[in-house]
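Asks: Residue numbers (the UniProt record's numbering), protein chains in the order written: chain A, 1 to 245; chain B, 1 to 334.
Calculated from the structure, these hints are not laboratory results.
Keep in mind the model is a prediction, meaning the values are calculated, not measured.
Backbone N, C-alpha and C fix where the C-beta goes; we use that ideal spot for every residue, glycine too.
Be aware that one or more of the hints could be misleading.
Stated by the list, open to error - Below are the DSBU-like pairs computed for lysine-lysine, each with C-alpha atoms no more than 35 angstroms apart in a straight line: (1) 154(B) / 31(A); (2) 216(A) / 154(B); (3) 123(A) / 164(A); (4) 91(A) / 123(A); (5) 91(A) / 214(B); (6) 222(B) / 171(A); (7) 222(B) / 91(A).
As the list claims (entries may be wrong) - Between beta-carbon pairs, the in silico distance windows are: (8) 134(B) / 161(A): 22 to 30 angstroms; (9) 143(A) / 317(B): 49 to 57 angstroms; (10) 147(B) / 161(A): 33 to 41 angstroms; (11) 164(A) / 245(B): 18 to 26 angstroms.
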Amino acid sequence: MGIQYVDMTRLGDSAIIIRLGNRIDEETHTKVRALSRYLENHSFEGMVEVIPAYASVTVVYDPVRIFRTTGGSNSLEEIRYPYEEVESRLKNLLDHLQEDNVPDHRVVEIPVCYGEELGPDLKHVAGMTGWSAEEVIRIHAGTEYLVYMLGFAPGFPYLGGMDKRIAAPRKPTPRLSIPPGTVGIAGEQTGIYPIETPGGWQLIGRTPLPLFLPDKEPPTLLEAGDRIRFYPITRKEYDRWEGRG
Amino acid sequence: MTIQVRRPGLLSTLQDLGRYGYQKYGVMAGGAMDGFAHRAANRLVGNDDAEATLEMTVTGPVLYFEEPALISLCGSDLSPRIDGIPIPSWRPIYVRAGGTLQFGSAREGCRCYLAVSGGFNVPPRMNSCSTYLRAGLGGFEGRALQADDRLLLKPATSLGKRMMRRLSEQSPEAPFSAPAWRVSYEMVPDYKANPEIRVMPGGQYHWLEEAGRKAFFESEFKVLPQSDRMGYRLSGTPLYMAKPQELLSEPVAFGTVQVPPDGHPIVLMADRQTTGGYPKVAQVMTADLPLLAQASIGSRIRFRLVDLKEAQAALLRTEWNLDLLQLSIQMFFQ
Numbered sequence: 001m002g003i004q005y006v007d008m009t010r011l012g013d014s015a016i017i018i019r020l021g022n023r024i025d026e027e028t029h030t031k032v033r034a035l036s037r038y039l040e041n042h043s044f045e046g047m048v049e050v051i052p053a054y055a056s057v058t059v060v061y062d063p064v065r066i067f068r069t070t071g072g073s074n075s076l077e078e079i080r081y082p083y084e085e086v087e088s089r090l091k092n093l094l095d096h097l098q099e100d101n102v103p104d105h106r107v108v109e110i111p112v113c114y115g116e117e118l119g120p121d122l123k124h125v126a127g128m129t130g131w132s133a134e135e136v137i138r139i140h141a142g143t144e145y146l147v148y149m150l151g152f153a154p155g156f157p158y159l160g161g162m163d164k165r166i167a168a169p170r171k172p173t174p175r176l177s178i179p180p181g182t183v184g185i186a187g188e189q190t191g192i193y194p195i196e197t198p199g200g201w202q203l204i205g206r207t208p209l210p211l212f213l214p215d216k217e218p219p220t221l222l223e224a225g226d227r228i229r230f231y232p233i234t235r236k237e238y239d240r241w242e243g244r245g
Numbered sequence: 001m002t003i004q005v006r007r008p009g010l011l012s013t014l015q016d017l018g019r020y021g022y023q024k025y026g027v028m029a030g031g032a033m034d035g036f037a038h039r040a041a042n043r044l045v046g047n048d049d050a051e052a053t054l055e056m057t058v059t060g061p062v063l064y065f066e067e068p069a070l071i072s073l074c075g076s077d078l079s080p081r082i083d084g085i086p087i088p089s090w091r092p093i094y095v096r097a098g099g100t101l102q103f104g105s106a107r108e109g110c111r112c113y114l115a116v117s118g119g120f121n122v123p124p125r126m127n128s129c130s131t132y133l134r135a136g137l138g139g140f141e142g143r144a145l146q147a148d149d150r151l152l153l154k155p156a157t158s159l160g161k162r163m164m165r166r167l168s169e170q171s172p173e174a175p176f177s178a179p180a181w182r183v184s185y186e187m188v189p190d191y192k193a194n195p196e197i198r199v200m201p202g203g204q205y206h207w208l209e210e211a212g213r214k215a216f217f218e219s220e221f222k223v224l225p226q227s228d229r230m231g232y233r234l235s236g237t238p239l240y241m242a243k244p245q246e247l248l249s250e251p252v253a254f255g256t257v258q259v260p261p262d263g264h265p266i267v268l269m270a271d272r273q274t275t276g277g278y279p280k281v282a283q284v285m286t287a288d289l290p291l292l293a294q295a296s297i298g299s300r301i302r303f304r305l306v307d308l309k310e311a312q313a314a315l316l317r318t319e320w321n322l323d324l325l326q327l328s329i330q331m332f333f334q
């Protein structure tokens with residue numbers, strides 16, 4: 001038994017990247033999830049955190065703590081260096097991993113108020129793609145998306161599954177500030193900005209749900225492996241959600 | 001126990017060892033840019049390494065001490081003075097009530113760390129007191145210091161209290177008192193204006209065309225003004241990839257050297273994003289990150305290739321030095 005991986009490369013002296021594939025697809029994603037969960041359940045002293053990405057799992061470790069728990073000798077010539085120690089532990093863990101423990105996924109429904117001032121580029125996207133604004137909403141909200149990974153900003157989901165029919169290029173000049181909760185399209189990607197940030201995406205709507213919840217555990221609405229669905233709400237419903245209506 | 005902020009300085013934020021464990025949620029690690037100076041400053045006042053320190057950048061703040069405190073300043077020399085009298089860095093300092101700490105120009109480096117025995121009394125957010133400016137999280141109300149802020153302090157540690165008693169008896173007329181010794185020069189990173197930074201090859205080092213691999217180690221790179229806590233943008237001989245290849249977004253680390261298509265490298269620093277998609281041509285070894293963190297805008301840096309073994313040995317040596325420092329202080333103030 002054991003899990004097949006493409007390679008194990010180091011990210012400096014404090015992290016190791018285990019690459020499980022070279023493509024963005026659900027099969028690789030499933031392996032990534034299984035391995036991340038397995039490593040989190042089999043953490044060892046000095047393992048700092050596990051970060052899943054599209055096709056890789058990165059293990060961050062504290063070289064000094066690894067050294068203190070395993071180093072032994074005080075001479076630099078004789079010691080077992082932290083990287084060697086972590087690499088051999090990970091190889092051993094990977095050899096014994098059963099591939100059948102993939103956790104269930106959640107489906108998260110996300111209300112979005114499309115168009116108007118909360119989604120100022122909706123008409124533009126409609127114009128560029130040749131669909132009406134209503135059709136763009138129907139296509140965008142009619143799809144199930146897979147959260148491949150979180151990155152870029154706290155709680156920002158890298159989503160797979162966007163319908164190519166509503167793909168629209170980034171804006172030539174990025175906006176200086178985009179409010180949290182804004183739903184956008186960039187090329188064949190769609191996503192939600194969790195915190196205020198500059199950005200060049202085409203903004204089609206906004207959700208009243210907070211994506212970054214620093215006082216909760218986990219601190220984000222979404223996690224890698226979730227499936228999400230958007231559903232349209234009216235401006236009135238949006239305001240009520242926000243506590244303004 | 002309060003420190004009043006009379007003037008905030010250019011960018012003064014509370015930082016600690018970083019916010020780890022949340023990168024899978026896209027939450028950056030953050031933390032002190034110069035981790036060595038941060039930790040040395042804490043150890044000099046009898047604190048744990050994880051206690052927050054005030055990271056002050058280029059132009060320091062003006063701080064008024066309402067009560068006596070035990071402090072230390074490590075890292076860049078920003079010409080600190082208390083009530084107009086220059087104070088020494090890299091040692092514990094007993095500040096009497098009513099003292100005003102202010103800074104002049106940066107003589108070397110660009111970031112100075114102020115530790116106070118007991119630490120700053122701010123609530124940890126997601127297990128860290130590091131300031132995450134873009135998310136308005138952690139540190140002092142999630143932001144950089146502003147004039148009229150009042151920084152609350154926790155009670156001094158027991159070692160800190162012993163140090164305060166001893167130092168307070170020394171020169172009672174002066175606004176502060178400090179021991180004659182300091183952290184030895186051999187222990188402290190040499191914060192040169194134009195440092196040599198040791199790196200290991202990155203995962204995509206071999207994607208670079210041969211001329212680029214040569215240029216990376218043989219030419220100088222200038223730190224551009226757009227550099228900040230998130231990343232250092234460098235200009236020099238542009239580095240190009242031998243052939244265009246796609247890299248799927250994957251995690252990056254403090255010190256990862258990325259090369260975007262324009263060929264100008266970016267070294268990712270404490271406030272880096274969690275993941276990146278540009279080729280990673282090199283990785284600064286952890287022990288040299290303080291040198292880079294102290295390189296100011298306009299300085300020229302060179303990269304030198306080392307292997308993992310050298311990087312790890314240097315890191316363990318730094319660790320032994322910090323342990324030695326702690327042991328010396330405990331013995332001195334027993």
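Asks: Just to be careful, I want the Cα atoms of residue 91(A) and residue 214(B) compared with a cutoff of 35 angstroms; is the pair within it?
Replies: Holds - the C-alpha atoms of residue 214(B) and residue 91(A) are around 34 angstroms apart, at most 35 angstroms.
Asks: Between the alpha carbons of residue 123(A) and residue 164(A), is the straight-line distance 35 angstroms or under?
Replies: Holds, at roughly 17 angstroms.
Asks: Is the distance from the Cβ of residue 147(B) to the Cβ of residue 161(A) consistent with 33 to 41 angstroms?
Replies: violated, 50 angstroms
Asks: Within 49 to 57 angstroms: is that where the Cβ-Cβ distance between residue 143(A) and residue 317(B) falls?
Replies: Taking Cβ atoms as reference, residue 143(A) and residue 317(B) lie about 55 angstroms apart, which means the hint holds.
Asks: Given a hint of 18 to 26 angstroms, does the C-beta separation of residue 164(A) and residue 245(B) actually sit inside it?
Replies: holds, 24 angstroms
Asks: So if I understand the rule, the pair passes when the alpha-carbon distance is 35 angstroms or less; does residue 222(B) with residue 91(A) pass?
Replies: Violated. Residue 222(B) to residue 91(A) sits at ~40 angstroms, over the 35 angstroms cutoff.
Asks: Between the alpha carbons of residue 91(A) and residue 123(A), is the straight-line distance 35 angstroms or under?
Replies: Given that 35 angstroms is the threshold and the Cα spacing comes to 52 angstroms, the pair is violated.
Asks: Does residue 154(B) pair with residue 31(A) here, judged by a C-alpha cut-off of 35 angstroms?
Replies: Not OK: residue 154(B) and residue 31(A) at ~47 angstroms, beyond 35 angstroms, violated.
Asks: Is it true that the CA of residue 216(A) sits at most 35 angstroms from the CA of residue 154(B)?
Replies: holds, 26 angstroms
Asks: If I claimed the Cβ atoms of residue 134(B) and residue 161(A) lie 22 to 30 angstroms apart, would that claim hold in this structure?
Replies: holds, 28 angstroms
Asks: Is it true that the CA of residue 222(B) sits at most 35 angstroms from the CA of residue 171(A)?
Replies: holds, 31 angstroms
The structure is inconsistent with the numbered hints 1, 4, 7 and 10, although it conforms to all the rest.
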